[in-house]
Amino acid sequence: MKLTRRDFMKVSGAATAGLALSGLGFDLSPVQAFTWELRTKDAKETPTICCYCGVGCGIICHTDKKTGKVIYTEGDADHPINGGSLCAKGASAYQIAQNDKRITKVLYRAPNSDKWQVKKWDWALKEIAKRVKGSRDKSFVTTNDKGQVVNRCNGIASVGSAALDNEECWIYQAMLRSLGLVYIEHQARI
Amino acid sequence: MTNHWIDLANSDCILIMGSNPAENHPISFRWIMKAKDKGATVIHVDPRFTRTSTKADIYASLRSGTDIAFLGGMIKYILENEKYFKEYVVNYTNASYIVGGKFDFKDGLFSGYNKEKNSYDASNWAFEMDETGLPKKDLTLQDARCVLQLLKAHYARYDLDTVSSITGTPKEDLMKVYEAYAATGVPDKAGTNLYAMGWTQHTVGVQNIRAMCIIQLLLGNMGIAGGGVNAMRGESNVQGSTDQGLLFHILPGYLPTASASVATLADYNKKFTPVTKDPLSANWWQNRPKYIVSFLKSMYGDAAKPENEFGYAWLPKTEDGKSYTWLDLFDAMYKKEFTGFFSWGQNPACSGANAGKTRAALANLDWMVVVNLFDNETASFWKGPGLNPKKVKTEVFFLPCSAFMEKEGSVANSGRWVQWRYKAQEPVGDSLPDGDIIVELFNEVRKLYKKPDKKSAFPDPILNLKWDYVTKSKFDPHLVAKSNNGFFTQDVTIQDKQYRKGDPVPAFAMLRDDGSTSCGNWIYCQSYNADGNNMARRDNKDDSGIGLYPKWAWAWPVNRRIIYNRASCDPTGKPWDPKRVVVEFVGEVKDGKWTSQKWKGDVPDGPWYPLRNPDGTAREDGKLPFIMRVDGRGAMFGPGMKDGPFPEHYEPMECPVEKNLLSPQFTNPVAAVYATERDAIKTCDPRFPFVGTSYRVTEHWQTGVLTRWLPWLIEAEPQLFVEMSEQLAQLKQIKSGELVIVESPRGMLEAVAIVTKRLRPFMVHGQEVHLVGMPYHYGWIWPKNGGDSANLLTPSAGDPNTRIPETKAFMVNVRKKGA
Numbered sequence: 000m001k002l003t004r005r006d007f008m009k010v011s012g013a014a015t016a017g018l019a020l021s022g023l024g025f026d027l028s029p030v031q032a033f034t035w036e037l038r039t040k041d042a043k044e045t046p047t048i049c050c051y052c053g054v055g056c057g058i059i060c061h062t063d064k065k066t067g068k069v070i071y072t073e074g075d076a077d078h079p080i081n082g083g084s085l086c087a088k089g090a091s092a093y094q095i096a097q098n099d100k101r102i103t104k105v106l107y108r109a110p111n112s113d114k115w116q117v118k119k120w121d122w123a124l125k126e127i128a129k130r131v132k133g134s135r136d137k138s139f140v141t142t143n144d145k146g147q148v149v150n151r152c153n154g155i156a157s158v159g160s161a162a163l164d165n166e167e168c169w170i171y172q173a174m175l176r177s178l179g180l181v182y183i184e185h186q187a188r189i
Numbered sequence: 000m001t002n003h004w005i006d007l008a009n010s011d012c013i014l015i016m017g018s019n020p021a022e023n024h025p026i027s028f029r030w031i032m033k034a035k036d037k038g039a040t041v042i043h044v045d046p047r048f049t050r051t052s053t054k055a056d057i058y059a060s061l062r063s064g065t066d067i068a069f070l071g072g073m074i075k076y077i078l079e080n081e082k083y084f085k086e087y088v089v090n091y092t093n094a095s096y097i098v099g100g101k102f103d104f105k106d107g108l109f110s111g112y113n114k115e116k117n118s119y120d121a122s123n124w125a126f127e128m129d130e131t132g133l134p135k136k137d138l139t140l141q142d143a144r145c146v147l148q149l150l151k152a153h154y155a156r157y158d159l160d161t162v163s164s165i166t167g168t169p170k171e172d173l174m175k176v177y178e179a180y181a182a183t184g185v186p187d188k189a190g191t192n193l194y195a196m197g198w199t200q201h202t203v204g205v206q207n208i209r210a211m212c213i214i215q216l217l218l219g220n221m222g223i224a225g226g227g228v229n230a231m232r233g234e235s236n237v238q239g240s241t242d243q244g245l246l247f248h249i250l251p252g253y254l255p256t257a258s259a260s261v262a263t264l265a266d267y268n269k270k271f272t273p274v275t276k277d278p279l280s281a282n283w284w285q286n287r288p289k290y291i292v293s294f295l296k297s298m299y300g301d302a303a304k305p306e307n308e309f310g311y312a313w314l315p316k317t318e319d320g321k322s323y324t325w326l327d328l329f330d331a332m333y334k335k336e337f338t339g340f341f342s343w344g345q346n347p348a349c350s351g352a353n354a355g356k357t358r359a360a361l362a363n364l365d366w367m368v369v370v371n372l373f374d375n376e377t378a379s380f381w382k383g384p385g386l387n388p389k390k391v392k393t394e395v396f397f398l399p400c401s402a403f404m405e406k407e408g409s410v411a412n413s414g415r416w417v418q419w420r421y422k423a424q425e426p427v428g429d430s431l432p433d434g435d436i437i438v439e440l441f442n443e444v445r446k447l448y449k450k451p452d453k454k455s456a457f458p459d460p461i462l463n464l465k466w467d468y469v470t471k472s473k474f475d476p477h478l479v480a481k482s483n484n485g486f487f488t489q490d491v492t493i494q495d496k497q498y499r500k501g502d503p504v505p506a507f508a509m510l511r512d513d514g515s516t517s518c519g520n521w522i523y524c525q526s527y528n529a530d531g532n533n534m535a536r537r538d539n540k541d542d543s544g545i546g547l548y549p550k551w552a553w554a555w556p557v558n559r560r561i562i563y564n565r566a567s568c569d570p571t572g573k574p575w576d577p578k579r580v581v582v583e584f585v586g587e588v589k590d591g592k593w594t595s596q597k598w599k600g601d602v603p604d605g606p607w608y609p610l611r612n613p614d615g616t617a618r619e620d621g622k623l624p625f626i627m628r629v630d631g632r633g634a635m636f637g638p639g640m641k642d643g644p645f646p647e648h649y650e651p652m653e654c655p656v657e658k659n660l661l662s663p664q665f666t667n668p669v670a671a672v673y674a675t676e677r678d679a680i681k682t683c684d685p686r687f688p689f690v691g692t693s694y695r696v697t698e699h700w701q702t703g704v705l706t707r708w709l710p711w712l713i714e715a716e717p718q719l720f721v722e723m724s725e726q727l728a729q730l731k732q733i734k735s736g737e738l739v740i741v742e743s744p745r746g747m748l749e750a751v752a753i754v755t756k757r758l759r760p761f762m763v764h765g766q767e768v769h770l771v772g773m774p775y776h777y778g779w780i781w782p783k784n785g786g787d788s789a790n791l792l793t794p795s796a797g798d799p800n801t802r803i804p805e806t807k808a809f810m811v812n813v814r815k816k817g818a
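Residue numbers (numbering that gives the first Met the number 0), protein chains in the order written: chain A, 0 to 189; chain B, 0 to 818.
No wet-lab data here; the hints were simulated from the structure.
One thing to keep in mind: the hints can contain errors.
BS3-like, lysine-lysine: derived pairs with alpha carbons at most 27 angstroms apart [said to hold, decoys possible]:
hint: 1; chain 1: A; residue 1: K68; chain 2: B; residue 2: K471
hint: 2; chain 1: A; residue 1: K68; chain 2: B; residue 2: K473
hint: 3; chain 1: B; residue 1: K136; chain 2: B; residue 2: K85
hint: 4; chain 1: A; residue 1: K125; chain 2: B; residue 2: K136
hint: 5; chain 1: A; residue 1: K137; chain 2: B; residue 2: K450
Covered by chain A, per the in silico footprint, the following chain B stretches (three or more residues, Cβ under 8 angstroms) [as the list claims (entries may be wrong)]:
hint: 6; segment: 236-247
hint: 7; segment: 369-376
hint: 8; segment: 410-418
hint: 9; segment: 424-435
hint: 10; segment: 541-554
Beta carbons are placed, not taken as given, at the ideal position from N, Cα and C, and that holds for glycine.
Work the whole structure out from these sequences, hints included.
Here you go:
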């Protein structure tokens, strides 16, 4: 009898109604008693895909409904590739969700300064936009030495990002190409 | 990957070379072990005995950077012992083509080499054509100028003694690998291979992979279950970010970027749309005009019109022949060509070759934007080792982005499965999903260009970019995913079926070149169509018998799980191996002829009839299996490369030997090299006597930005180490656990020595050669005393085709600290 994780949950849920023997053929009540103690019991399950290598393992995030925080992550047992297994990195995904070393404020380092300053998004995006326009306008080449139309911004480059979702990658390339960048590279090259 | 992770379980022989999946792609091993449990032979070829080697039936060591010698010996073995799958080779590859008279190979150089330009004129490698414009063929494979015979002649030099002397692999180990792998050259056996950076990061990186492609074609291992050529991707979406064109040379969907000489859309289509006179070739890229026009529509929306060539002029154009790759980018930055720089989810101060040059280059910028979850050596480079912040002018903006479980969107794994992931918690602090940062930043830039300003350079592409991916003032990935799937921009009737303006395009066969369809990425067409978000599917039932899981997520292209799968059948459409059916032609038969068109199994590489009828007669409407190739056949002789139509062994740019035993040509004559004072290359320099290589550990990822800050992982692997053999340790009087200095012509590192039997000296050219290895996950910023990046040592020399740097083979010295 092959049980997927969800089948198991269904059957084991039925066990609490006294139907354990008809479902699995053995008594689940000790298991049930234990699972009631788990801190994930009221958590919301959200499937995701691991952020590390290119295998693409499924991970289930358990989110505390009261705090909205991820309190536990585990391998997705229904996922055909990993079947619930994870490597050391994937198994540590929880520590990305809860990590006091995350940078959570916009930071700015002025020229020749030796420290970061905390800034607001609005200020930073406006300032960056000014830098982008300044660099672009100064370095934009409409035609090259041969007189060919190139419409290219020579003064800005970009690297990244294989860490973005596909949809983010697409709009990122759209933005960069609309600015005229040709130095567009990322992890795939190295 | 032409195949996918689960398919590894279908293989009879798995050649793992240039990679260490047990440690770097651990869950892949679930499927490798399933194959092994069923009796498959697992082979590991690597300079180091790793956890992958412990599970292998055969382990063979080789000196880093000598893979072509190793594989060339295998090609020779296969050809001379006639181990190749002849029917496959004759029908599905270019082995029978006659190569033109200008092709030659002498003293390690192919014909057409221009020493001044440091490049080849590939027109010398053309095939001889017949009067109908098709390559001349000898289907008996006997003509001395046919590809198979030239292949045989080319690798005749790669005898066991020579190969062993170059690679340092004992001859008996070479034979064990050759025999085991060549045994898959029969219809009912499948051989596959797994590679990663161990093959790509060399000045012969592309030709390493080409050599394996030739072997896979010879053995009939392409398109079949348990076969293929399989690159293991190192990041969760590096496949997807490549699909979406985040490289200088490609737009989304592998459409080439335009250069200055390709002035108009008509020029673009002429240059990049291949033409064939072979009626048996599907030549899929003949559809290129539909894909580029649909892409331009997705970029510029209603502003893309036939009268303005759909906005083609708004795309930036590169200089013809100029390279803009990673190494070129940082070379240009070092030479102060840029004022601004984005480092979006990447840490180049540690990740690229010759990191010292990169760090110096960052100080030449006026401003830099870094987007990341954690502090890193790029964002904080101005306070890094040897720098006085007061003397560094670069302004840095650090934008905190959300983690993967704080947003929604899709990622593509190595097997091309595009999987949707969901939000499990709100972004922490002020962090924002990358999508929101991009949308908001571009909005600010666009505002500036909307104002009248005489200084504004060419605002048209900025003002005309379609930028409507927001729902309730937040970035909405569903809107981009739908745009990437594509939609009709007007009411259209295709084959009696009506589509309304705004309807999703069902699949890429319906894309058009007249502006009536918009599609951000043609290979993602079908991912989010009238059936809904196919990438989010979670039906894990599999009726295929070979683990295709066709209703789990979605794979590009058109949910095909094994690429070139028509090659898994003989020319009549019958599977070579009835036990491992990928696709099978099941049309109706009348009088020995197919009379209706039907395939079953995986999504076939096109619906066309097979090449032959059940009675063996040829069909005029059949199609060859390698549909992305202009001639429909797998290319053993590959005129597309910059360094020759056959792979040839050259030594790494830095190597421990004074000559190349296979030819007078020492290193790859067309390798990419750079000329600043930071680009030192020292070969056979007594100051740097040992081969160095870099790799990863299970507990860390890339430069460690997403692992060094995680307490569990940094506790498991807390600091930089250097592995060396017992023999080298004795020679240098180093004990395990001692601090040592590792130095190359480009930099110096302090590391903890690990003296291990996992590394052994190689007998190369009759002399003992030592190799040391280091992981590259560390950086000065965190943890304290964790060491710095191994890339401070690696050289900025690159493969001529891709310019991927040679970070797997370089020369170093090792000494006890203080000695």
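Structure-based check of each hint:
1. A:K68 to B:K471: Within the cut-off at roughly 23 angstroms; holds.
2. A:K68 to B:K473: Since the Cα atoms of K68 (chain A) and K473 (chain B) sit roughly 21 angstroms apart, the hinted pair holds (cutoff 27 angstroms).
3. B:K136 to B:K85: holds (15 angstroms)
4. A:K125 to B:K136: violated (63 angstroms)
5. A:K137 to B:K450: Distance ~17 angstroms between K137 (chain A) and K450 (chain B) Cα, so the pair holds.
6. 236-247: Check passed, 12 qualifying residues.
7. 369-376: Holds, because 5 residues of the segment 369-376 of chain B bring their Cβ atoms closer than 8 angstroms to Cβ atoms of chain A.
8. 410-418: holds (count 8)
9. 424-435: holds (count 10)
10. 541-554: Answer holds; 4 residues pass the 8 angstroms Cβ test.
In terms of the numbered hints stated before, the structure departs from hint 4 and from no other.
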